[in-house]
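*Asks:* Chains as they are written, first to last, in the working numbering: chain A, 1 to 501; chain B, 1 to 108; chain C, 1 to 632.
Calculated directly from the structure, the hints in this document are not laboratory data.
Being a predicted model, the structure only gives us computed values, none of them experimental.
Errors might be hidden in some of the hints.
[To be verified] Some chain C residues close to chain B (C-beta under 7 angstroms, calculated; not the full set):
hint : residue
1    : Arg197
2    : Pro277
3    : Met601
4    : Gln604
5    : Thr606
6    : Met616
7    : Val617
By construction, the Cβ of each residue, glycine as well, lies at the ideal position given by its N, Cα and C atoms.
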Amino acid sequence: MQTGYILLATIAVPLIAAAVLLAVPSRYPNVVRAFAVAVSFALFGLSLYAFFAYQIAQVEQYQFDLRWTWIENIGMLGEEGITLHLGIDGIGAAMVLLTGIVTFAGALISWKIDYRNKDFFILFFVLVAGVFGVFASLDLFFWFFFYELAVLPMYLLIAVWGSSSVFPTFARTKEYSAMKLTLVLVGASVLIFVGIFAVFVEAGLGTFDLPTLYEVEFDEDFQKIVFPLFLIGCGVLAGLWPFHTWSPDGHVAAPTAVSMLHAGVLMKLGAFGIIRLGMQLLPEGAEFWMPALITLGTINVVYGAISAMAQTDFKYMVGYSSVSHMGYVLMGLATMNAVGVNGAVLQMFSHGVMTALMFAMVGVLYDQAHTRDMRAFGGLVKRMPHFVAFFSIAGLASLGLPGLSGFVAEFNIFLGIFRTYPALGALAILGAAITAVYVLRMMAQAFFGPANEKWEHLKDMSRYEYAGGALLIAFMFLMGVYPSPFVDRIADSVLRIPGIG
Amino acid sequence: MEAVTQQIPLEHFLALSAILFSLGIYGVLTRRNAVLILMSVELMLNAASINMVAFAAYASPELFTGMIFAIFIITVAAAEVGLALAIILRVYRNRGTANVDEVSDLKW
Amino acid sequence: MGMSDAWLLPLLPAAAFVALTLLGPYLPRRGDWIAVGAIGGVFVLTLLIIADFTDALAVQGEAFAGVANSIQWLEVPGHLELRLGIHVDAVTIVMLAVVSFVGLMVQVYSLGYMKGDSRYGWYYAVISLFIASMLALVLADNFLLLYFAWELVGICSYLLIGHYSHLRSATEAAKKAFITTRLGDVGLLIAIILLWRETGTFNIQEVIAAAEAGQIGTEILTASVVLLLLGAMGKSAQFPFHVWLPDAMEGPTPVSALIHAATMVVAGVYLVTRMLPLIELVAGGPELLLAIGLLTVFLSATMGLVMTDIKRVIAYSTINSLGLMFVALGVGAPAAAMVYLFTHAFFKALLFLGAGSVIHATERQDVSQLGGLWSKMPITGVTFAIGALSMAGLPFLAGFWAKDEILVSLLDNRAAFVLVLVTLPLTAMYMTRVLILTFFGEPRDPESHEHAHEGSPFMTVPLILLAALTLVSGFVVFDQVGKAMGFPGGIGEIIFLERAHSFEFDVAVGIGSTLLVALGIATAWFAWVARPSVPARSLALLRPVHDLWANKYYLDDLYQAVIDRVVLSIARVVAWFDRNAVNDTGVDGPAYATRYAGYLMKFQQTGKLPNYALGMVIGVVTLALVAFSLKA
């Protein structure tokens, strides 16, 4: 059992960093960059510590427990009404580590941002604070607060630093994508909000404290009615079909680091919410609704993969592959058995690292070539061997190559699905085969084949991009070859979720 | 003191206030000059104040809530008149008219 | 160094891979010595393991059931435990011998062949990773590690086929190979998971034991066996997955020798051999295997006849050989299949390396541009001839003995026996043809012929060693040879312990097959040496047949059409649906509806103060009336 202020630090450090950045004159962009990278490195260190210091198989489910009462004994609020209650279980520990990794890599990749980089990093750190907050919060009120804190900066980050695109048959402005993303996510969060208050009132304990509410046995009908609110509300952020379209468009418009955080971490908030609010709070509702979720998850997997196959824009392809891979997460959760849910959490981590790398690499290319049409490229391996190696590793992880993180996660998910729904499991594996098709098509088209002279001027990655990519790859290999540190922490917590058989 | 509440029934006060209020509404609805509309609004406010005071005196004479409210209304109305007249003055300076129909930039 | 330490084998080349990948450019000679050293170490360790194996046999005799050793990889307590482990038995020993020896030969050969390649270090890194994965594959005691390695050899194959990445054709071939085998792998993975679902274990021996004890339902077992076969067919290039193997010849030739002849493509055969007890439990399982094998044998023999690329001809002969192994497995003769696998590895690697030698010397690989190389490259010529005739099945060469074993096992199955016999002269014919066209006659491309020369000793020594093995390795079928090598009861008794089988040589079959082979060789000699006008005349006569074969029965075109027309069309439709129906209608629709509602409502803002006031009055009055009426 670990205690301490480390979780508070992961939230406070980025907020303080944002405040400090406000005071830095914007005429020193390099100071801003160095400071941002230093802070994100510190966050990476903190999250690494939180992950490895987390102790397995303790009596207490949540570690680094910290509780500061904010409001109590007023109106409907009783004892410990609203408290800043922080704590992580193994699932949270993995997610905190993921956030640390992607934040650090994202900050490194963002070194090259020139336009108002101070403002960029301020919003970036606010977003990061929100994400850490969600993963660490054990209080419904603050969970929701941090959730909104993580979503809203996205609007400005995309609308100001993003890019508009014109395609042969349609166009997407960054304002459109930013607006759609924000409205859809805020709209979904209304459902969560309603659900939170329904739970609060139904429990009648006058507290938003999650561990307290976990003890309550809610009426079965109530669970069946309220669970879909959490499922859809959080599911939208996880890219649940048919509410996924904000995601590919949002990625395409977003600047590189935001895409990384967005697909790498933010989409995990949704899946995390389904576990924390949905499955842990309302187990019977979960049991009732999971067949619906696994159906939608299967559609996510296959539909996302097929859509990705038709894309010619790098970012759209990666965006749809995220939809497909988040489908695996949803399917894993929907199995409601220890292996499948364990796999889902592994996949959350694995996909986070992998997709962040993919977006980072697309950014490397786009910033130089100013196009993302994969048909325009060819033979890039000659000019940019390291870039191609990094991108290929991400691609291979996404098609589930053993030795990389994707395999471990997907293998667990497949096992879980087959235990409950064998036919859908076959479809899920087929989805992985389709992934191989579009990843290899992309690689064959853009990376190999005759070199296109038009791109003679392209340079390989800068050292910051190299460092960020190498960091992500290191964790992909770590989890792919030696998954025990992850599985031990996650499985321990998954087995404590009620209703997991 | 007991004279007034016993000599004059409550209904008289209410009727007075209703008449004043209706006059105010009529003024607001028919007048086009902003100053006159403002005066009509004041009429309605005063009608409400009469109501408050009358009810207070008849229903619970030992309390002064109605009177307090009336004083509040008078104070607010005074502030309101000051603000509204200032606005009307600015509008008139800008546009050379105080006719509210012609000041419709915010429609649609 | 005992059998239980065999887990060290894959780690050596894996370490070489890591070293070469991370430090490659900074190492002298790009680190090729690390890779070659690693495979050399593997070879030495394999010899030690074989010694340990024969010792164990001497002590335990036929009771020896293999040595296992494993570690935990990940665990969900109470629900799932994944272990990585090794299992060494007779089949493993055969595969280890093949992989380590051919691997060593090919890596030494590559020192000469790949010299000056712009991605020399990367080549050695990937080939080390391949060796590591292949060793892990044959050592695996459980399906998880097997699948793990199975996929890794696939990706190594992908990377090596696409080694000349500036060529569009190489890139496409690599993609095709990976995706085709990956489709089979979907089946394999589902089968593995289905078997786990029924038995709760990934351990191969335990699964087989459970199946034999009847713990697996018939339907599930049938489904898993069929799906398992899909995986094996993909990897071993069986019909209808065979299309990737000829294209895979785009890779460097040593890669073709190692991966696409001797080791990776026989992984499917290895898997089927391991799982044969399971397959035989399923009604129709062996028959399916046999049918696939026969179809593959027949198709590849005909297609090989008309190919003009020297490597492609050998590739079709490889498909032919793999088909033969499936046929042997289908009639329940795993020992015959394994002995064919064993000898095939040597003579097929020899053929590819010989072809590589020719390509290296002339930079041509189409037989219509070769010819007359015998005098220029005597070592290559002689060794290639040994390999080609072994493949053709000329007596006393390795291929002859192995093929004979398969034919003998087919004696009870008349139809299959005849069909295989029919393909014998065809195989002999095209192997002789490629030999004649490459090494004899007039040089058809004098310029490249001019500067053709024998390669460095790095290239010739492996050729000679492999040729020597091609000459002698077939004798392992004789019990006396096996006993002399330390296998009590002969290798046949040992290679497949569950089914002790003494090799038998049937003189009648041997003579018959020799006659057919001689017929094929004679026809080839007649057509391409004695009467060179024959091919052209018969081509005129048999144009449709030739076109059918030269176009590979139009299967490649069919697949391409399915991918282009059907799969990609579906993808485009789904993408269109997503953009227009889901997004523009489903998501933007409500947004536009809201905006339109606002547009309609805004006309309430007339800008006329009295209107607003009237609205308020009406509202208040209505509310008051409602309140009163409710009260009353």
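*Asks:* All hints are to be evaluated individually against the structure, with a verdict given for each.
*Replies:* Hint-by-hint comparison with the structure:
1. With a least beta-carbon distance of about 66 angstroms to chain B, the hint placing Arg197 (chain C) at the interface is violated under the 7 angstroms criterion.
2. Below 7 angstroms, beta-carbon pairs count as interface contacts, and Pro277 (chain C) has none with chain B, the closest being about 82 angstroms; its hint is therefore violated.
3. Taking 7 angstroms as the C-beta cut-off, the interface hint given for Met601 (chain C) is violated, the closest approach to chain B being about 10 angstroms.
4. Annotation: Gln604 (chain C) was flagged as interfacial toward chain B, and the flag is violated, the nearest CB pair being 9 angstroms apart, outside 7 angstroms.
5. Interface restraint check: Thr606 (chain C) against chain B, minimum CB-CB distance 6 angstroms, threshold 7 angstroms, status holds.
6. Checking Met616 (chain C) against chain B by beta carbon gives a least distance of about 9 angstroms; that is not within 7 angstroms, so the hint is violated.
7. At its closest, the beta carbon of Val617 (chain C) sits 6 angstroms from a beta carbon of chain B; the interface hint therefore holds under the 7 angstroms criterion.
Checked against the numbered hints above, the structure violates hints 1, 2, 3, 4, 6; every other hint is satisfied.
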